[in-house]
Amino acid sequence: MPQPVRPPSSRLLPSAVLLGLCVLFAAACGPTISEFNARAYERATSLKVEALALMDAATAPYAEHADAVQQLQTELRKALEYAKGRPKNEISAQQWRILIDPERDLLGGFLADWKRQSSFSSAFVEEKKTQVARAFDTIIELESGKRDPDEVRDGS
Amino acid sequence: MPDIDVFFDALTDEIADLAETHLQELKEAAVEDGRAFLNQTQDDLKRWARLLEEGKLSREEFESLVRGQKDLAEMEALKRAGLAAARAERFRDALIDRIVGTAARIFL
Numbered sequence: 001m002p003q004p005v006r007p008p009s010s011r012l013l014p015s016a017v018l019l020g021l022c023v024l025f026a027a028a029c030g031p032t033i034s035e036f037n038a039r040a041y042e043r044a045t046s047l048k049v050e051a052l053a054l055m056d057a058a059t060a061p062y063a064e065h066a067d068a069v070q071q072l073q074t075e076l077r078k079a080l081e082y083a084k085g086r087p088k089n090e091i092s093a094q095q096w097r098i099l100i101d102p103e104r105d106l107l108g109g110f111l112a113d114w115k116r117q118s119s120f121s122s123a124f125v126e127e128k129k130t131q132v133a134r135a136f137d138t139i140i141e142l143e144s145g146k147r148d149p150d151e152v153r154d155g156s
Numbered sequence: 157m158p159d160i161d162v163f164f165d166a167l168t169d170e171i172a173d174l175a176e177t178h179l180q181e182l183k184e185a186a187v188e189d190g191r192a193f194l195n196q197t198q199d200d201l202k203r204w205a206r207l208l209e210e211g212k213l214s215r216e217e218f219e220s221l222v223r224g225q226k227d228l229a230e231m232e233a234l235k236r237a238g239l240a241a242a243r244a245e246r247f248r249d250a251l252i253d254r255i256v257g258t259a260a261r262i263f264l
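For the record, the sequence lines run as chains A and B.
Under the working numbering, think of the first position of the first sequence as 1, with each following residue one higher.
Under the working numbering, think of the first position of the second sequence as 157, with each following residue one higher.
Be careful, since some hints might not be right.
The calculated lysine-lysine pairs, modelled on DSS-like cross-linking and capped at a C-alpha distance of 27 angstroms, are [what the hints assert, rightly or not]:
no., chain 1, residue 1, chain 2, residue 2
1, A, Lys48, B, Lys212
2, A, Lys129, B, Lys212
3, A, Lys78, B, Lys226
4, A, Lys78, A, Lys129
5, A, Lys88, A, Lys48
6, B, Lys183, A, Lys115
7, A, Lys129, A, Lys115
8, A, Lys84, A, Lys129
9, A, Lys88, A, Lys78
10, A, Lys78, A, Lys115
11, A, Lys78, A, Lys48
12, B, Lys226, A, Lys48
13, B, Lys183, B, Lys212
14, B, Lys212, A, Lys115
15, A, Lys48, A, Lys115
16, B, Lys183, B, Lys226
17, A, Lys129, A, Lys48
18, B, Lys202, A, Lys129
19, B, Lys183, A, Lys88
20, B, Lys202, A, Lys88
21, B, Lys226, A, Lys129
22, B, Lys202, A, Lys84
23, A, Lys48, B, Lys202
For the record, the hints were derived by calculation from the structure and aren't laboratory data.
Take the sequences, apply the hints, and build the full model.
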């Protein structure tokens, strides 16, 4: 008994549907991390330079630099708020929180301790600067490792 | 009619190749980063202990540096997690390209 002949379009239909499903499945996994943001990158690099420069002064009494410290703390909080405000950016925001938290022992803790103790030894300032510089680098390296907006697929 | 099995066989090879490249690079980078951080921390701790002994660091300053290293480790781990997520997204994009490319080669 002769088999009915289907038109080519109907023969390709299951394949096309399958292909569509494959692509949809892959594309449906939405982004889990924000894309690269030039402003965030520049803010982090700029604050790194400013913070390390101010830390250099921490062998002198805090009172002499209190205004500069408060100004830097304001800029750091702005950076955290900016990071928090970007979608899918929780990892970077958490990095900023750790860096500037006065109860921890990176930049935030250093500035808080400076106020409490008035000044530090030069050896401590040098060692803490290295540590804080590395902490900033983790933020900067993560930002620069994110996908460029040009790489990001439309709709993803 | 194009054989659907041919499509899946070809796609399986493509995905295996893609996953091997991406995951291997990710694994190597993570191991290398972890090793570098541990080596750096070891050097730091030795230097801080010496500075403490020499009286160039106070006990409080030494402790602050040690605790700071723990915070730094946390930030490093977050960086690693973020970079892995970014790489996973590149993998997904490459996967879509392979699916479309393989289908075009076999069906069209």
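These are the hints, each one checked on the structure:
In summary, the hint linking Lys48(A) to Lys212(B) is supported, as the alpha carbons are separated by about 25 angstroms, within the 27 angstroms threshold. Using a Cα cut-off of 27 angstroms, the hinted pair Lys129(A) and Lys212(B) holds, with the two alpha carbons roughly 16 angstroms apart. The suggested pairing of Lys78(A) with Lys226(B) holds, with an alpha-carbon distance near 25 angstroms, which does not exceed 27 angstroms. For the proposed pair Lys78(A) and Lys129(A), the alpha carbon gap of about 21 angstroms is at most 27 angstroms, so the pair holds.
A threshold of 27 angstroms between alpha carbons decides the hint, and for Lys88(A) with Lys48(A) the separation of about 23 angstroms falls inside it, so the pair holds. Between Lys183(B) and Lys115(A), the direct Cα distance comes to roughly 43 angstroms. Violation of the 27 angstroms bound is thereby established for this hinted pair. A C-alpha spacing of about 17 angstroms is found between Lys129(A) and Lys115(A), which places the hinted pair at or below 27 angstroms, so the restraint holds. The straight-line distance between the Cα atoms of Lys84(A) and Lys129(A) is roughly 25 angstroms, inside the 27 angstroms bound, and the hint therefore holds.
Restraint check: the Cα-Cα separation between Lys88(A) and Lys78(A) comes to about 18 angstroms, which is no more than 27 angstroms; the hinted pair holds. Restraint check for Lys78(A) and Lys115(A): the C-alpha separation of about 21 angstroms stays at or below 27 angstroms, so the hint holds. At roughly 14 angstroms between alpha-carbon atoms, Lys78(A) and Lys48(A) fall within 27 angstroms of each other, so this suggested pair holds. Between Lys226(B) and Lys48(A) the alpha-carbon distance is near 20 angstroms, which keeps this suggested pair within the 27 angstroms criterion.
With a C-alpha separation of about 40 angstroms, the suggested pairing of Lys183(B) with Lys212(B) is violated against the 27 angstroms cut-off. Between Lys212(B) and Lys115(A) the CA atoms are separated by roughly 20 angstroms; this keeps the pair inside 27 angstroms, and the hint holds. Restraint check: the Cα-Cα separation between Lys48(A) and Lys115(A) comes to about 20 angstroms, which is no more than 27 angstroms; the hinted pair holds. Of the supplied pair hints, the one linking Lys183(B) and Lys226(B) holds, its CA atoms being roughly 23 angstroms apart against a limit of 27 angstroms.
At most 27 angstroms may separate the alpha-carbon atoms for a hinted pair to count; Lys129(A) and Lys48(A) meet this at roughly 10 angstroms. Only pairs whose Cα atoms come within 27 angstroms are accepted, and Lys202(B) paired with Lys129(A) is accepted, the gap being roughly 17 angstroms. In summary, the hint linking Lys183(B) to Lys88(A) is supported, as the alpha carbons are separated by about 23 angstroms, within the 27 angstroms threshold. Distance check on the hinted pair: Lys202(B) and Lys88(A) sit about 39 angstroms apart at the alpha-carbon level, beyond 27 angstroms; violated.
For the hint linking Lys226(B) to Lys129(A), the alpha-carbon distance of about 15 angstroms falls within 27 angstroms, and the restraint holds. Between Lys202(B) and Lys84(A), the direct Cα distance comes to roughly 37 angstroms. Violation of the 27 angstroms bound is thereby established for this hinted pair. Distance hint between Lys48(A) and Lys202(B) is fulfilled; the C-alpha atoms sit about 26 angstroms from each other, no more than 27 angstroms.
In summary, the numbered hints that this structure violates are 6, 13, 20, 22.
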